[in-house]
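K.L.:
Start from the sequences, fold in the hints, and give me the full structure.
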Amino acid sequence: MHSFFLLLSTFIIAYLLFSSLSYLGLFAIAFRKVKNENNLVHRESTEVLLKNQNTYPVSILVPAYNEEVGVVSTVRSLLALDYPQKEIIVIDDGSKDMTSEQMIKEFKMAHIPFAFRTHIPTAEIIAIYQSSIFPYVRLIKKANGGKADALNAGINLSSFPYFCAIDGDSILENDGLIKTMKPIIESDGQVIVTGGSVRIANGSTISRSKVEVIDLPRHPVVIMQIVEYFRAFLIGRLALSRLNILLIVSGAFGVFNKERVIQAGGYNKNTVGEDMELVVRLHRLLREEKSKQRIEYVPDPVCWTEAPESLDVLKSQRIRWQRGLFETLWTHRKMMFNPKYGAVGMFSMPYFLFIELLGAVFEFLGYFIIFGGFFFSLVDPNIALVMFIVTILYGSFISALAVLLEELTLHKYPKVSHLMRLYFWALTEAFWYRPLMVIWRIQGIFAAFRKKAHWGDMKRKGIST
Amino acid sequence: MNIYFFWVLIAFLFLGQLILLLALSLRKLLINKKEQTISQQYDMLSESFSSYMMDPTDNGFIEEISLASDQTIVLERLLNHYVAVSKGSVNSPQVAQLTEKYLTERYKKQLQRNNWAIRMNTLYFIEDFHMKSLTPLLKEKLHKSLRLDRETQQLIRTLTSLNEPMTLSVLARYVDAPFRLYIDVLKRLELNIQLEELDAALKNEQNNKVLKYAAVSYIGMTGLLEFLPRIEEELLSDDEELRIQALKCIQHLQYISSPSLLTPFFHSTSWQERMFATRIVGKLQLSRYQEVLSELLGDSVWWVRYSSAEALTQFADGDILLSHLSENHPDRFARDMATQWEASLLGSEE
Numbered sequence: 001m002h003s004f005f006l007l008l009s010t011f012i013i014a015y016l017l018f019s020s021l022s023y024l025g026l027f028a029i030a031f032r033k034v035k036n037e038n039n040l041v042h043r044e045s046t047e048v049l050l051k052n053q054n055t056y057p058v059s060i061l062v063p064a065y066n067e068e069v070g071v072v073s074t075v076r077s078l079l080a081l082d083y084p085q086k087e088i089i090v091i092d093d094g095s096k097d098m099t100s101e102q103m104i105k106e107f108k109m110a111h112i113p114f115a116f117r118t119h120i121p122t123a124e125i126i127a128i129y130q131s132s133i134f135p136y137v138r139l140i141k142k143a144n145g146g147k148a149d150a151l152n153a154g155i156n157l158s159s160f161p162y163f164c165a166i167d168g169d170s171i172l173e174n175d176g177l178i179k180t181m182k183p184i185i186e187s188d189g190q191v192i193v194t195g196g197s198v199r200i201a202n203g204s205t206i207s208r209s210k211v212e213v214i215d216l217p218r219h220p221v222v223i224m225q226i227v228e229y230f231r232a233f234l235i236g237r238l239a240l241s242r243l244n245i246l247l248i249v250s251g252a253f254g255v256f257n258k259e260r261v262i263q264a265g266g267y268n269k270n271t272v273g274e275d276m277e278l279v280v281r282l283h284r285l286l287r288e289e290k291s292k293q294r295i296e297y298v299p300d301p302v303c304w305t306e307a308p309e310s311l312d313v314l315k316s317q318r319i320r321w322q323r324g325l326f327e328t329l330w331t332h333r334k335m336m337f338n339p340k341y342g343a344v345g346m347f348s349m350p351y352f353l354f355i356e357l358l359g360a361v362f363e364f365l366g367y368f369i370i371f372g373g374f375f376f377s378l379v380d381p382n383i384a385l386v387m388f389i390v391t392i393l394y395g396s397f398i399s400a401l402a403v404l405l406e407e408l409t410l411h412k413y414p415k416v417s418h419l420m421r422l423y424f425w426a427l428t429e430a431f432w433y434r435p436l437m438v439i440w441r442i443q444g445i446f447a448a449f450r451k452k453a454h455w456g457d458m459k460r461k462g463i464s465t
Numbered sequence: 001m002n003i004y005f006f007w008v009l010i011a012f013l014f015l016g017q018l019i020l021l022l023a024l025s026l027r028k029l030l031i032n033k034k035e036q037t038i039s040q041q042y043d044m045l046s047e048s049f050s051s052y053m054m055d056p057t058d059n060g061f062i063e064e065i066s067l068a069s070d071q072t073i074v075l076e077r078l079l080n081h082y083v084a085v086s087k088g089s090v091n092s093p094q095v096a097q098l099t100e101k102y103l104t105e106r107y108k109k110q111l112q113r114n115n116w117a118i119r120m121n122t123l124y125f126i127e128d129f130h131m132k133s134l135t136p137l138l139k140e141k142l143h144k145s146l147r148l149d150r151e152t153q154q155l156i157r158t159l160t161s162l163n164e165p166m167t168l169s170v171l172a173r174y175v176d177a178p179f180r181l182y183i184d185v186l187k188r189l190e191l192n193i194q195l196e197e198l199d200a201a202l203k204n205e206q207n208n209k210v211l212k213y214a215a216v217s218y219i220g221m222t223g224l225l226e227f228l229p230r231i232e233e234e235l236l237s238d239d240e241e242l243r244i245q246a247l248k249c250i251q252h253l254q255y256i257s258s259p260s261l262l263t264p265f266f267h268s269t270s271w272q273e274r275m276f277a278t279r280i281v282g283k284l285q286l287s288r289y290q291e292v293l294s295e296l297l298g299d300s301v302w303w304v305r306y307s308s309a310e311a312l313t314q315f316a317d318g319d320i321l322l323s324h325l326s327e328n329h330p331d332r333f334a335r336d337m338a339t340q341w342e343a344s345l346l347g348s349e350e
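Line by line, the protein sequences are chains A and B.
Under our numbering, the first residue of the first sequence carries the number 1, and numbering increases by one thereafter.
Under our numbering, the first residue of the second sequence carries the number 1, and numbering increases by one thereafter.
Among the hints, a few may not be true.
Said to hold, decoys possible - Only part of the chain A face toward chain B is listed, based on derived beta-carbon distances under 7 Å:
1. N36
2. R117
3. P121
4. D188
5. V191
6. N382
7. I389
8. F397
9. L404
10. Y423
What the hints assert, rightly or not - BS3-like mimics (lysine-lysine), calculated; alpha carbons at most 27 Å apart, straight line:
11. B:K209 with A:K35
12. A:K51 with B:K144
13. B:K144 with A:K35
14. B:K132 with B:K108
15. A:K412 with B:K28
16. A:K210 with B:K28
17. B:K101 with B:K141
18. B:K33 with A:K35
19. A:K292 with A:K258
20. B:K109 with A:K51
21. A:K415 with A:K35
22. B:K109 with B:K144
23. A:K33 with A:K210
24. B:K141 with A:K412
25. A:K86 with B:K34
26. B:K187 with A:K51
Stated by the list, open to error - Derived list of chain A stretches under chain B, where covered just means 3 residues or more per stretch with a C-beta under 8 Å from a C-beta of chain B:
27. 51-62
28. 105-115
Note that these hints are calculated values from the structure, not bench results.
Backbone N, C-alpha and C fix where the C-beta goes; we use that ideal spot for every residue, glycine too.
P.N.:
Structure follows, in structure tokens:
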């Protein structure tokens, strides 16, 4: 029995070390690009595109479910976007609150008949409204069908060749859309999807879709999410994007080539991870066609979103994310270790399976061995101690390093105290935040077996003033 | 590997990070302090800078900037703001004098730096400040570049803005040179050179299709009506992309010498041609084609139906026509489209 635990603990130590090193490896790939791009401050990098008639028009889709608090400010921030030609489509997916009423009242909307195309079948469309102040602002009122269904309805109604999907609680910076469209325009359409960095707005002051003051929130749970976002965006996504094997574009904000999405069949209604699933499906399509088109990530922070402050909401969010990851990997299991799908099948999919999905299971076993070692003598206490140290290394140090790297590259938080606070909380991760995540992520895997598509409910306070 | 290895590892990592944290904190402190100093100097010098730009004999600014500790950064920011807000700043002798005196040497060094972003920013500033004295250096750099990457593209833009039309022939060397880059280059040329180059591009002397498409597109963008007869000639071209660009151009120019030139496009096999033809009919309110628009309202392609209905809204009697078509068009999709646009007209009157 002892030798079994010894073998298991050696395996877990090796896994956790490998996992930490893989993060560092990905960072090494991404670091130079983040640093260089961030120093590029000149306004002209996007100014030329704003005046060019050949800049593609974009349909902005805002799926909304019970978003009465934030939907108007989100649409206002979208109206303020610097972009030559756009239309804004809010899709009220059977909200039980006043989401539609707020939109109709605020933008003086009138019911219109609309000849939209049913590229993708969706739940029943109840009514379509158009603003009499801004004719390019529309509202679709439809029967509840989930976020994916709402986005599909938006795709059907949209007029333009590219669409941008943005969450109803997010605020896009004025130049956010043009920055995100830039890789698409500059590649003459060879880039078919771009995802921008999403930042947590809690604590910062946002007014008229402009971040006036960047500050840290008081709540440690939110600070830890900020650190997590640094790690995910700075380390993971950019590196995967550079290798053209990025499997996730944040659901909060991404731009897509509509024709490609329709070809792929639109958003999948049967998963809660519809954003990731669509990107994987697009990769699959590209690889099967042997296309050279790409999916890219834009490191500039362009979109601000409200992070959950309560553990209950955070828990349901993480369970949903993990479940979405599981469902996506399962749906596309054919791609796993399949050389036909190139680096996506051989590297990216296994990475998401072993590091992002099963990492929680291995970590859980690690905690089990630590406690077992200390309290029940399941393993040598020395082994348990090594395990403990490696767990800290795995979680806290990687997070702390992400904070330091953010400071070295983007340095968006202005005060020295911000740096200290972020660093301090990052170091505490292994003692409270990470165990919670591990448990929720494991719950997420179980939740994948109990299918029921739903929106991520969250009590909003609103992030813009 | 024993336990001590891990203890040493954790101690090493912890200490390493602690040192890094302290170093970054100190760096942040110094950067914040420097930024504060620069802002103070910027605010202090703003007034005398404005006076100098309006009246160069008032040279108090020259004395003050010579004493400023961060003179190049402050001057760069002041000039950057000035060229962004004032018209005709490109030919300002004061800008030329200040950049020559304080920034030329700095930019020469920066163009050789390893940091890509610094080199790119420098290229942007050289373009903004119109620093002609750096032309030979930029030409040399362009000569050495082997790939049409983002830096070479900006180098081409910057050099063109310094009145170097040779960039067009450099660009022609790259078979994959993007359409938008040709437009960026054409846009930066001085008017007389620009007209010559557009003329040459339309003649297609260099056998460069992309340049020709860009020239046609650019003529539409800038409304250069004198090229209209040449554009109309392109409507007869065998090259579909060229015909589409020509139609797009006419749509922007909002003029056509003989509307009958559009007739073949209403039944073209290319839906883009049908779409642009309907758009032109709407923009130019060519009532003789109203019936064609009614017919194309039932086209098999959504975009053609959409543009036809939109075109009908441009006519004075568009609402009556759309109302009639929304009830009587034989095609169901055409009726839906007409209903939608009829409603949008009502909305705009409210």
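K.L.:
Take the C-alpha atoms of B:K101 and B:K141, compute the straight-line distance between them, and say whether it is at most 27 Å.
P.N.:
Holds - the C-alpha atoms of B:K141 and B:K101 are around 22 Å apart, at most 27 Å.
K.L.:
Sort out whether A:K258 lies within 27 Å of A:K292, counting only the CA atoms.
P.N.:
holds (17 Å)
K.L.:
Does A:R117 hold up as a contact with chain B if the rule is Cβ-Cβ below 7 Å?
P.N.:
Hint holds; A:R117 Cβ to chain B Cβ min 5 Å, cut 7 Å.
K.L.:
Within a Cα-Cα threshold of 27 Å, do B:K132 and B:K108 meet the stated pairing?
P.N.:
holds (12 Å)
K.L.:
Straight-line Cα separation of A:K412 and B:K28 no greater than 27 Å?
P.N.:
holds (11 Å)
K.L.:
Given the proposed pairing of B:K109 with B:K144, does the C-alpha separation stay at or below 27 Å?
P.N.:
holds (17 Å)
K.L.:
Measuring from the C-beta of A:N36 to each C-beta in chain B, is the shortest one below 7 Å?
P.N.:
Since the shortest Cβ distance to chain B is 5 Å, the answer is holds.
K.L.:
Sort out whether B:K34 lies within 27 Å of A:K86, counting only the CA atoms.
P.N.:
violated (40 Å)
K.L.:
Please check whether A:V191 passes as an interface residue: C-beta within 7 Å of a C-beta belonging to chain B.
P.N.:
violated (13 Å)
K.L.:
Given A:I389 was flagged as interface, is its beta-carbon under 7 Å from a beta-carbon of chain B?
P.N.:
Since the shortest Cβ distance to chain B is 5 Å, the answer is holds.
K.L.:
Verify this for me: three or more residues of the stretch 51-62 of chain A with a beta carbon less than 8 Å from a beta carbon of chain B.
P.N.:
holds (count 3)
K.L.:
Compare the distance between the alpha carbons of B:K33 and A:K35 with 27 Å, and conclude whether the hinted pair is satisfied.
P.N.:
holds (21 Å)
Figure legend: structure checked against the earlier numbered hints; hints not met, in rising order: 3, 5, 11, 12, 20, 24 and 25.
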